[in-house]
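Line by line, the protein sequences are chains F and Z. Final position of the first sequence in full-length UniProt numbering is 281; the numbers increase by one with none missing. Final position of the second sequence in full-length UniProt numbering is 290; the numbers increase by one with none missing.
Hints listed in this document are in silico derivations from the structure and should not be mistaken for laboratory results. None of the values given here were measured: they were computed from a predicted structure. Accuracy of the hints is not assured; some may be wrong.
[Stated by the list, open to error] Not close to chain F: a few residues of chain Z, all C-beta gaps over 12 angstroms, as computed: (1) Pro6; (2) Leu8; (3) Leu25; (4) Glu45; (5) Leu46; (6) Lys70; (7) Thr94; (8) Asp123; (9) Ile131; (10) Ser155; (11) Arg192; (12) Trp194; (13) Ala223; (14) Tyr251; (15) Ile279.
[Stated by the list, open to error] Listed next, the in silico DSSO-like pairs over lysine-lysine satisfying Cα-Cα at most 27 angstroms (straight line): (16) Z:Lys57 / F:Lys87; (17) F:Lys206 / Z:Lys219; (18) Z:Lys178 / F:Lys268; (19) F:Lys114 / Z:Lys219.
[Unchecked claim] Label pairs and their calculated CB-CB ranges: (20) F:Trp16 / Z:Tyr252: 55 to 65 angstroms; (21) F:Arg179 / Z:Asp123: 25 to 35 angstroms; (22) F:Pro225 / Z:His62: 45 to 55 angstroms; (23) Z:Ser44 / F:Ala182: 55 to 65 angstroms; (24) Z:Arg36 / F:Ile76: 43 to 53 angstroms; (25) Z:Ala107 / F:Ile263: 26 to 36 angstroms; (26) F:Gly39 / Z:Trp29: 49 to 59 angstroms; (27) F:Arg26 / Z:Leu157: 55 to 65 angstroms.
Beta carbons are placed, not taken as given, at the ideal position from N, Cα and C, and that holds for glycine.
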Amino acid sequence: MSWLVFGFLAWIGGWWLNHVLSHRPRTRFTGLAVPVIFGLTVVVIWESLVRGLEISPVLLPPPTQIAATFAAKTHILWEDFVQTVLKGALTGYVLGCGAAFLMAIAVDRFPFLKRGLLPVGNFVAALPIIGMAPILVMWFGFDWQSKAAVVVVMVFFPMLVNTVEGLADTDAMQRDLMRTYAAGYWKTLLKLRLPAAMPFIFNGLKIASTLALIGAIVAEFFGSPIKGMGFRISTSVGQLALDLVWAEIVVAAIVGSAFYGGIALLEKALTFWHPSQRGRA
Amino acid sequence: MRNLVPVLTVVAVIFAIWYAAAIVLNAPWAHNKAERAGTELTFSELVADTWSQNKPKLPAPHQVGAELWKTTGEMVANGRGFSKRSLIYHSWITFSATGLGFVLGTALGIALAIGIVYNRTMDMSVMPWVIASQTIPILAIAPMIIVVLNAVGISGLLPKAMISMYLSFFPVVVGMVKGLRSPGPMQLDQMRTWNATPAQTFWKLRLPSSMPYLFTSLKIGMAASLVGAIVGELPTGAVAGLGARLLAGSYYGQTIQIWSALIMAATLAAVLVGLIGMIQRMVLKRMGMA
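Generate the whole structure from the sequences, applying the supplied hints.
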């Protein structure tokens, strides 16, 4: 009972603190503190609900137990991280985005391809591509190569569509200026159109970063060697070792956010000139 | 319409590559069979064999088409359109989870968006987490959600729908926040000069002007919730649904079955997204926005 009261008080306290902070002038500190307080409040409420209502840890382990498992099983988590993220997701991500980028330049060069491939690409981007996973696992075997292949297929079309859109983002005036400089196709591409396409390319890279992780993990449900995050999640669920599952999820969350954040930082450094970036200090 | 020729060309090229790849990928097995039978394959025999194997590495399009017809049209013709062997039955299972999850996700997304737009505290505390929630591979916890909800006695449609909901609420939140904030200061001032209450401002200005954003997000949300429903079917032990067909196919090496389930899923996605597009055109036309 006392746990429930504690959780309720934590909720009221956290909400009150956020209410006060958010009605003060916006600074970098409040912009960071408010979401952090919200997150901490959720974790505290979770812990006190699980303890107060005596929910079985088999169903929903409390955060402290997850943290303990995380600390105790770092070697397993690291092994899975290397297998799924570094070998599967990252390889596929680089290959898929690279291929889509080159394809986008070719599509942009030939209007016929653009008119033919873009509608098809848009269509494919809406399809449940994850369904290709069992087929690709069958073709490329159980190890990380098949996971990388799934990631390639998943990231290809979002990246292609975004890059093509970006390459079309220059206006006639800018292209005319390049022509008055006697710049050829390649010069215009390198000096004007690729830089102008950067915001779109980064948008594609961001979308692809979350897809890559999902693809690599879900592909492991269809068969994998005895390591990897997807493998660990599906087997641990079978053993009802939910604390280990949650630890894997924490790893996935950290990796996903870091991946996304890294790309966002790179974007900030490379597209500092774009209006969407200039406003933020 | 002027895109018709290029699109058809690209589709034709895809089919050509598909048939060629089927020859290449299935050739080893064809050669293997021929060797054991002690015969030599001519090229035309090889092609005929690779396009008609029972468990090919890559089934040829006409094989997938035949399987699709066998499990949909032919079963309907026999009056068994809803039997457990028919893809229509499995599509229906997947669709019901998708639809429920989509409706729940849209409702949750719109509610969150209204909260975020009208409450500063929610804007600052919830919005970053909504964005962060999508950098987490949610699909990865799909099996866990299913198992946990099963353990507390919730099974069947709802667990799958929950996963769909989780995937589809995000685009709706982001789109609706943008949409509800799209009226400019000028329009908001106009509402104030009319002495409009906040509720009137919401119903007569903010909500109507968010419609184009809403429909764009609904299309993304629908595609996402279909993916959620399919992945949600994987750990339920391959009982029913398109995801279960995929898993069963991959267990037993039934590639033709996998491909037909995949094509069915693609068709379902196209139909659902197309349906929302149609409603979008109708609504926006009535509102004078398209």
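Violating hint indices (sorted, rising): 1, 2, 3, 7, 8, 9, 13, 14, 21, 22, 27
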